[in-house]
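Asks: Chain by chain, the residues:
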Amino acid sequence: GAVVSQHPSWVICKSGTSVKIECRSLDFQATTMFWYRQFPKQSLMLMATSNEGSKATYEQGVEKDKFLINHASLTLSTLTVTSAHPEDSSFYICSARDGGRPEAFFGQGTRLTVV
Amino acid sequence: SQQGEEDPQALSIQEGENATMNCSYKTSINNLQWYRQNSGRGLVHLILIRSNEREKHSGRLRVTLDTSKKSSSLLITASRAADTASYFCATGISNAGKSTFGDGTTLTVKP
Chain D
1 GAVVSQHPSW VICKSGTSVK IECRSLDFQA TTMFWYRQFP KQSLMLMATS
51 NEGSKATYEQ GVEKDKFLIN HASLTLSTLT VTSAHPEDSS FYICSARDGG
101 RPEAFFGQGT RLTVV
Chain S
116 SQQGEEDPQA LSIQEGENAT MNCSYKTSIN NLQWYRQNSG RGLVHLILIR
166 SNEREKHSGR LRVTLDTSKK SSSLLITASR AADTASYFCA TGISNAGKST
216 FGDGTTLTVK P
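Chains as they are written, first to last, in the numbering used here: chain D, 1 to 115; chain S, 116 to 226.
Think of the hints as simulated: they come from the structure by calculation, not from any bench.
Below 30 Å or equal to it, Euclidean Cα-Cα: the simulated BS3-like pairs (lysine-lysine) are:
id : chain 1 : residue 1 : chain 2 : residue 2
1  : D       : LYS41     : S       : LYS184
2  : S       : LYS213    : D       : LYS66
3  : D       : LYS66     : D       : LYS14
4  : D       : LYS41     : S       : LYS225
5  : D       : LYS20     : S       : LYS213
6  : D       : LYS55     : S       : LYS213
7  : D       : LYS41     : S       : LYS185
8  : S       : LYS171    : S       : LYS213
9  : S       : LYS171    : D       : LYS41
10 : D       : LYS41     : S       : LYS213
11 : D       : LYS64     : S       : LYS141
12 : D       : LYS64     : S       : LYS213
13 : D       : LYS20     : D       : LYS64
14 : D       : LYS41     : S       : LYS141
Beta-carbon label-pair distances, calculated as ranges:
id : chain 1 : residue 1 : chain 2 : residue 2 : range
15 : D       : HIS85     : S       : GLN129    : 42 to 50 Å
16 : S       : HIS172    : D       : SER9      : 25 to 33 Å
17 : S       : GLY155    : D       : THR80     : 18 to 26 Å
18 : S       : THR142    : D       : THR57     : 13 to 21 Å
19 : D       : TRP10     : S       : ASN167    : 35 to 43 Å
Quick reminder that beta carbons are idealized off the backbone N, C-alpha and C, glycines included.
Isolated chain D, as found in the complex (with noise of 0.2 Å):
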């Protein structure tokens, strides 16, 4: 149990186009679903947390209107890298969390490259 899935694993591009990221909870349904991002040889650095029905919380330094969250359902969470710019190439992590555990479960990530 606790397989989160995320699509696509991985993505090219062009700037100034937008990217939809998805995030499903396959076998429980995921009352809070986080997104990270990590640059080559760096860590995972949480971007927002998301609840399901209502605006996700974002981390400081993080651009609400350049990253939409949307989590309309408790098995689906996206990220849409809105006017992708070269600099948003990087890996997306997303991982969900079932309300009666404590613990998040992580997708496989998606790369993204943005030429």
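Position chain S against the provided structure of chain D, taking the given hints into account.
Replies: Below, chain S alone, put in the same frame as chain D:
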């Protein structure tokens, strides 16, 4: 600053040897998880240890947690070349599920 800090930053050993990585953190935690990440890939969950536990085993993995010292260790016994990866500890500081990652230890196991 990051909640968790792994030590050492890099570790190189021969196949068959044991590898020990340490993680220190600053605030009280609810749980601590260890993850492996192969180069350019996603995270693989290895083991979770809760704040009321002191030691857990999973195959060749052994994790200890010392809440008084705010530290955890991951021991990989009889290492294999396939264990080559970066290892991260992630601390859960509440029941909310949010994790804070350390900088990771890069392990290289030479065949």
